[in-house]
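Chains as they are written, first to last, in my numbering: chain S, 1 to 77; chain G, 1 to 824.
Rather than coming from a laboratory, the hints here were simulated on the basis of the structure.
From the three backbone atoms N, C-alpha and C, an ideal C-beta is built for every residue, glycine too.
Please note that a few of the clues may not be correct.
[Said to hold, decoys possible] Below, computed lysine to aspartate or glutamate pairings styled on EDC-like, alpha-carbon distance capped at 20 Å:
1. S:K40 <-> G:D786
2. G:K801 <-> S:E4
3. G:K613 <-> G:E643
4. S:K35 <-> G:D802
5. S:K64 <-> G:D802
[Unchecked claim] A few chain G residues that face chain S, going by a derived Cβ cut-off under 10 Å, partial list only:
6. S198
7. G789
8. I791
9. I792
10. Q793
11. D799
12. T806
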Amino acid sequence: MKEEIDVLNYFLNPKMEVMKKQEVEKLLKEYGIEKNQLPKVLESDPVVKALKAKKGDVIKIHRKDPTGEYFYYRVVV
Amino acid sequence: MVLHYNPAEYETKKIKFSIFSPETILSMSVAEITIPDTYEEGYPIDNGLMDQRLGVIDPGLRCKTCGGTERTCPGHFGHITLVRPVIHVLFAKYIYEALARTCEHCHKVITEDVKKRPKKCPLCKKELAKIEFQKPTTFLINGKEVLPTQIREMLSEIPDEEVEKLGFSPQNAHPKWMVLTVLPVPPVNLRPSITLESGEKSEDDLTHKLVDIIRVNQKLKANIEAGAPQLIVEDLWNLLQYHVSTYFDNETANIPPARHRSGRPLKTLAQRLKGKEGRFRYNLSGKRVNFSARTVVSPDPVITINEVGVPYEVAEELTIPIPVTKWNMEELKDYIRRETYPRAVYVIRGDGRRIKVTEASREKILEELKVGWIVERQLIDGDVVLFNRQPSLHRISMMAHLVKVLPGKTFKINPVVTPPYNADFDGDEMNLHALQSEEARAEAREIMLVEKQILSPRHGHAIISPQEDIVSGVFFLTSDETVLDKKEAAKLLYKAGITKLPKPDKGKYYSGKLIFSMLLPDDLSVKFTSKLGKEVVIKNGKLIKGEVDSKGIEQYIIEKIFLMHGPSYTTKFLKNLTDVALEYLSMKGLSVSLRHYKISEEHQRKVRELLQKMDKEIENLIIKYKNKTLERAPGMTLKETLESLILQITSKTRDSMGEIVVESLGEDSPSIIMARIGARGSILNAIQMSAVVGQQVVRNKRLWRGYYGRTLVYFHPKKLTGRERGFVYYYFSKGLEPDEFYHHAMAGRESIVNTAIRTARSGYMQRRLIHAMQDLVVLEDLTVRDAGGQIIQTIYGGDGKDPMFTKGKEEYETKPKEDDVDTV
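Use the sequences and the hints to build the structure in full.
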């Protein structure tokens, strides 16, 4: 049995979004890094596919845990 | 030879790893080795394994290749020409990959995955052969074994561009070189022979292995030249393959290890590098250090937690370099002048020359001593040293202490700092390191000092806190009945350095609570429930209500004081508390004797009654089980149900003994008090000593192993009642029956075996974890990055919090609100 899952709104998945170009630049400047120093995510990842993100895009992940919310970033490779 | 090391000149720009080609091996070889022997009449044989061209190991001789001496000649490689090529075992996997991924007709790469080799070549459309790899060194093509010669040919036919596509560099690591045609012979330096006392020479394992290789190689050559049948040639060839394989790695799966005459497996190349005793872990990452000392540790509650008692003999041996400045010149000169203990041992001049301070040199040194020189003086009181106990699983397994030179031959530590080291005093040894630079000393003092580690970095609770007798002392001191006369009160307060008596609060007398409150800081206000279930209230540094136990000290008082007043204040508090508590405990007295574990006749009867009731219950269950009327629990067989029910009954019975024991021994029995306030022991200990030891288990089951259907021959097979299955009816102060004793030993053994296995396993897991995370670092912006600058976490731990300070810091930083304690 095959069931379609909406990965973007699935309850186990944190909220993710593709960042705008200016946002990415600001982020990289803030950390003082190059894009390739960010953690990576494969282009074939289901969420990346659902977001229609391309290689080189940066995805912002809203992570939540009992201590609060924070952001994680991954560059699509 | 003087080595001039200029880091800029010798900076490592890159490292290249490659595979030797036969040409390289030949070009670096200084001698072909053809004779499978070493010495003849005491002289190295030419073209033998100890050929003088391979280097010198005997002092006084000169190398025939470079003319260097034993010290300067680095050794030179030789070579053996193999009559027939052999597979290099350690590369066999890659040979298979290269073969299976290419087409044997057009020699092009046809697949990424060796497992997905197509039946037909997608490029030249020809039928492809089935290639199999039989570990460790055999290859089958279409089910037929192929010889290394053929494999080498197949690999040679792959064009360079295709080799590159396979992931190999045709210039540096061509797959065809993985089939060996010549074998390098390492220099004699790598395999020195040992001369035994009898004058006999004993060769290194590698030399032995090389002898085997040459011998077989020669035999193979002779047979081929004599035109021997193919079968014999192949047998010898296989033997050569075996020797070359074990020469590289003598622990390959499916190859019997080559053995020494004595039956000991030979230590060949891979064995020299691999594992805990290998070159990497033993010689390269495992370095030994100077300026360190090791001896047994013993307790000394009189020194502070920051101190370490150092034996005079150690202090005399260890030195600390002190740079000469115009401010300490005179002080250092005093050390140089001294002939006894705190004296200077060496002086290092501006040019780096090290001069020993002796009778003869002393005057000259004193005259010449200049700013910029370094004086190495002996360890004295107050020096910062690192102190460590293995296994160092923690950052707090290694802390900085201040030296205090004390008589005796052991290191002394305050017993309160044993938990971070996980030390006890049954013979534990610890290491001490004298720090050799000002940076190291400053860092140790500011970051690693014991008092800065009072809170555990794991959970933020106090890990250095009063224990055992100190807890008992505090409890008795703070109990409601404690009243002290003026003399006693003064004596106690003097221990804490308080020389002004407060106003007596109980008429002419002083309450223990008042004395205890004198030690507390004025701004401490806490309210909690003690282990005995009573409420304890401290308001503005005054203990108003309740008796303080281990929980109160550990989780409330020490922690709060640390967060409110900092490390050094807490150290002083701990010191005062310890001194006062121990003094009061010695005044009051606390002792246990056998009498304190003897329960009354009446209670003994109660215990026996409970046990009989338990036996009956077990018997009933067994009858029900045999009649099949027992109801099976979900997920269990009938037998399992029975066992689980019996276990429940036995543990229930033992627990219910607690009440009887406490009732009989009395609430005020020392062992019960100690158990309840968390000073030492538990109620279970008291039960086992005075009422019943209880059910013994192995792997969470009642005992069953040993003989057929029973644990000992004296029992009826398959009998399931308590005694047969390891219930111990007696108690320790009475003594156990022989069978009970044996059962107790069975269960005791399990815990010993478990700890042995657990430490080994968790040690390995920790090693892997540390290896994976060793160069991650938390930067100022709280990002976690690796050595290459890659971001691992955008904020440390997802919240940027240091676990050491996560226990309600906000609450303690500001002064406690009044209504916290207003309900009193």
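Do the hints match the structure? See the list:
1. Distance restraint check for K40 (chain S) and D786 (chain G): the Cα-Cα separation of roughly 14 Å lies within the 20 Å cut-off, and the hinted pair is therefore satisfied.
2. Note on K801 (chain G) and E4 (chain S): the hinted pairing is violated, with a Cα-Cα distance of about 39 Å set against a maximum of 20 Å.
3. Taking the CA atoms of K613 (chain G) and E643 (chain G), the gap is near 17 Å; set against the 20 Å cutoff, the hint holds.
4. Note on K35 (chain S) and D802 (chain G): the hinted pairing is violated, with a Cα-Cα distance of about 28 Å set against a maximum of 20 Å.
5. Our distance criterion of 20 Å between C-alpha atoms is met by K64 (chain S) and D802 (chain G), whose separation comes to about 18 Å.
6. The closest approach between the C-beta of S198 (chain G) and any C-beta of chain S is roughly 65 Å, which is over the 10 Å cut-off, so the hint fails.
7. Nearest Cβ of chain S to the Cβ of G789 (chain G): about 5 Å, under the 10 Å cut. The hint holds.
8. Restraint check, I791 (chain G) versus chain S: the minimum CB separation of about 6 Å is within 10 Å; hint holds.
9. With a cut of 10 Å, the hint placing I792 (chain G) at the interface with chain S holds, because the nearest CB-to-CB distance is about 7 Å.
10. Proximity of Q793 (chain G) to chain S holds as hinted, the smallest CB-CB distance being about 8 Å (cut-off 10 Å).
11. The restraint placing D799 (chain G) at the interface with chain S holds, with a minimum CB-CB distance near 4 Å, inside the 10 Å limit.
12. Taking 10 Å as the C-beta contact cut-off toward chain S, the hint placing T806 (chain G) at the interface holds, the least distance being around 9 Å.
Taken one by one, the earlier hints fail for this structure at numbers 2, 4 and 6, listed in ascending order.
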